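Engineer: Please take these sequences and the hints and turn them into a complete structure.
As a plain string of letters, each chain reads:
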Amino acid sequence: MQRFASARYRVALGIVLFTVVQSVAFASGARAAGGEAISDRAADAAERADLVVLGRVAAKRSYLPVDGGFGYDIVVSETLKGTESGTCSVRAGGWAYKVDLSIGAEVLLFLEESDAFLPAERFKPAYGSERGLLVFLVRAGRLAAATREGEAGWAGRSVSEVREAVAAAK
Amino acid sequence: MGRLFGEGARLSRAIFVCGRVVARPALSLLPALLLLSAGSASAVQTVWLDFITDQDVGEHVYTAAEQTSIRDTITADFSDFDFSFTLTAPGSGDYSTLTFNSDFITGGLADAVDFRNLDHTDNAIINVNDFLGGFGNPAATSANFVSMTSTIGAHELGHLVGLRHLDSMGPIGLGISPAPGVGAFTPAYPGPTGADEAAGHIMASPLAVGSSLFDAAGDTFFSERSAIRLTFNESGSVLAEAGGAHDTLPTAQAITLAALSVPNTIVTGDNAGKSFLVDAVAVTGTIGAFSEKDIYSFSGTVGDLMNFEVISAALDRIGNSIDSVISIIDSGGSTVAYYTGLASNDDEFESSDSMIIDLTLPATGTYYVQVNANGITDTGDYELFAHRFKLVPEPGTFGFLSLSLLAALRMSRSPRRSRSRLR
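Residue numbers (my numbering), protein chains in the order written: chain C, 1 to 170; chain E, 1 to 423.
Calculated directly from the structure, the hints in this document are not laboratory data. These numbers were taken from a predicted model, which means no experiment stands behind them. One or more hints might be untrue.
Said to hold, decoys possible - Reference excerpt, derived from the structure (chain E facing chain C, CB under 10 Å, subset only):
1. Gly107
2. Ala124
3. Ala313
Stated by the list, open to error - Per label pair, the in silico range of CB-to-CB distance:
4. Gly141/C - Glu59/E: 46 to 56 Å
5. Arg139/C - Thr193/E: 50 to 60 Å
6. Thr79/C - Thr63/E: 41 to 51 Å
7. Arg139/C - Asp82/E: 45 to 55 Å
8. Val61/E - Glu113/C: 20 to 30 Å
9. Ala140/E - Thr79/C: 34 to 44 Å
10. Ala140/E - Arg142/C: 29 to 39 Å
11. Thr88/E - Glu113/C: 24 to 34 Å
Quick reminder that beta carbons are idealized off the backbone N, C-alpha and C, glycines included.
Structural biologist: In structure tokens, the structure reads:
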């Protein structure tokens, strides 16, 4: 009985936390959409990122058993900031969360250079002003969430809007 | 599922000292003789808890008292096993390093899952700064920095000595935890999702089994599965695959699960304070030809609670890994019934390795473990791990003395201590 009671408690707690998180995410998104312009946030993110690219996931490596998330090879179609072209390698995710992208997915990534600990992947995702990861799927020219840990308020915005903001920040 | 676990997973074997990279000796493959010998490598695993190398501006600065408390907590976690922890870099000998405040990662990251702990020089990095303070997180208190750093440090060290996230799932016999869920396995795990003690165990993580940051900041300890594997590192029976084909039931290679004296590391939960009876064996094998299958036989008794695992893709020392499939077959040649399915698995929930979790043998007799690759052209090396788990029955009117003697002989070097008593 205690086991079931504990399970029910966890489910209830999960629902409450989920509701709170969703409310915060909604409020955050609304603020981004209606308050601080997304272009300002994109410009700010671009200033802090080492590399901003549009591209497609070409290869995927799992490091889940050692808490290392996934490694990706991204075929770059457009470099919004930086000099990287061709293919860049990215490590994303870890002990507490994952960024699970499918091979072939089109993505917009704000990236930072990694350090020497992980020679297989040179870049890792950058964080936005609200401490969310700046990793987005691109569908029909618009951004979509790629992970629950993604920066709130960017979904639905157009790539061209971000492109202009990044260009203005250079 | 295709093999995902790629090469290049290892952390660079370098440590940064005052901005310089000081190369550490690369690990060469251990001699085959050692891998194929009976008995696992048994020596004290020395671990340097490095709070100095990666300290940057803006990160929590661990006080001397906090460092000491973290060392003592991790020492207590591993107290039933042969480990030695130090806050200063060892001057000589092999040692593993846990580097704290690494700015590369949030949480932790281990060099490898080193089943049987054959490499005593691997490394891990830990950083809890983003997990404490802020909305929805545990408070950034000194106590929480100590407890969460201890948990993730012990977790990553667990990987370095062969523990997997699966090992957080407990109690044994209740299947897997609700997360990652039955669908994360291929085919879907057919058993129960009753392992609801996972979150309190050291080898849990939010990503793997849905534990929380508050769990990590709590009073965590090693599960039964972890205790089995840690004990196996020190005194387990390791066999080499026999030469020649053993791909039919009549030609199967006989293996014996040997008794293992496993201490009870459970602080709270169904099995706290109980005694374990464990038998285990590991086999190092190779799928050397297209469509080859390796079959091993063992004796089982009705009701035996068995776990099997083929480790290849997640084992860093194996350069030519396979995407394994494991099946348990009865003496009639049929795959054994396994809850709502059959005892066969292609992929566990994190890699292309295969596992049979909590199989209860339906009858007394001879059983067979079949290992093969998923693809007909896939060849390579693997290690098979199997164990039988039983609780020592509660003593009745008869046998109290004999059971006490049995328990004394087979388990427990020291009583468990709650972490909270250390602080």
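Engineer: Against each hint, give a clear statement of whether it holds in the structure.
Structural biologist: We went through each hint and held it up to the structure:
1. Gly107: holds, 3 Å
2. Ala124: Cβ of Ala124/E sits 8 Å from chain C, so the hint holds.
3. Ala313: With a minimum Cβ separation of about 8 Å from chain C (threshold 10 Å), the hint on Ala313/E holds.
4. Gly141/C - Glu59/E: 46 to 56 Å: Hint violated: Cβ distance 40 Å, outside 46 to 56 Å.
5. Arg139/C - Thr193/E: 50 to 60 Å: violated, 33 Å
6. Thr79/C - Thr63/E: 41 to 51 Å: Cβ of Thr79/C to Cβ of Thr63/E: about 45 Å, so the range 41 to 51 Å holds.
7. Arg139/C - Asp82/E: 45 to 55 Å: Holds: the Cβ-Cβ distance is about 54 Å, inside 45 to 55 Å.
8. Val61/E - Glu113/C: 20 to 30 Å: holds, 25 Å
9. Ala140/E - Thr79/C: 34 to 44 Å: holds, 38 Å
10. Ala140/E - Arg142/C: 29 to 39 Å: holds, 37 Å
11. Thr88/E - Glu113/C: 24 to 34 Å: holds, 32 Å
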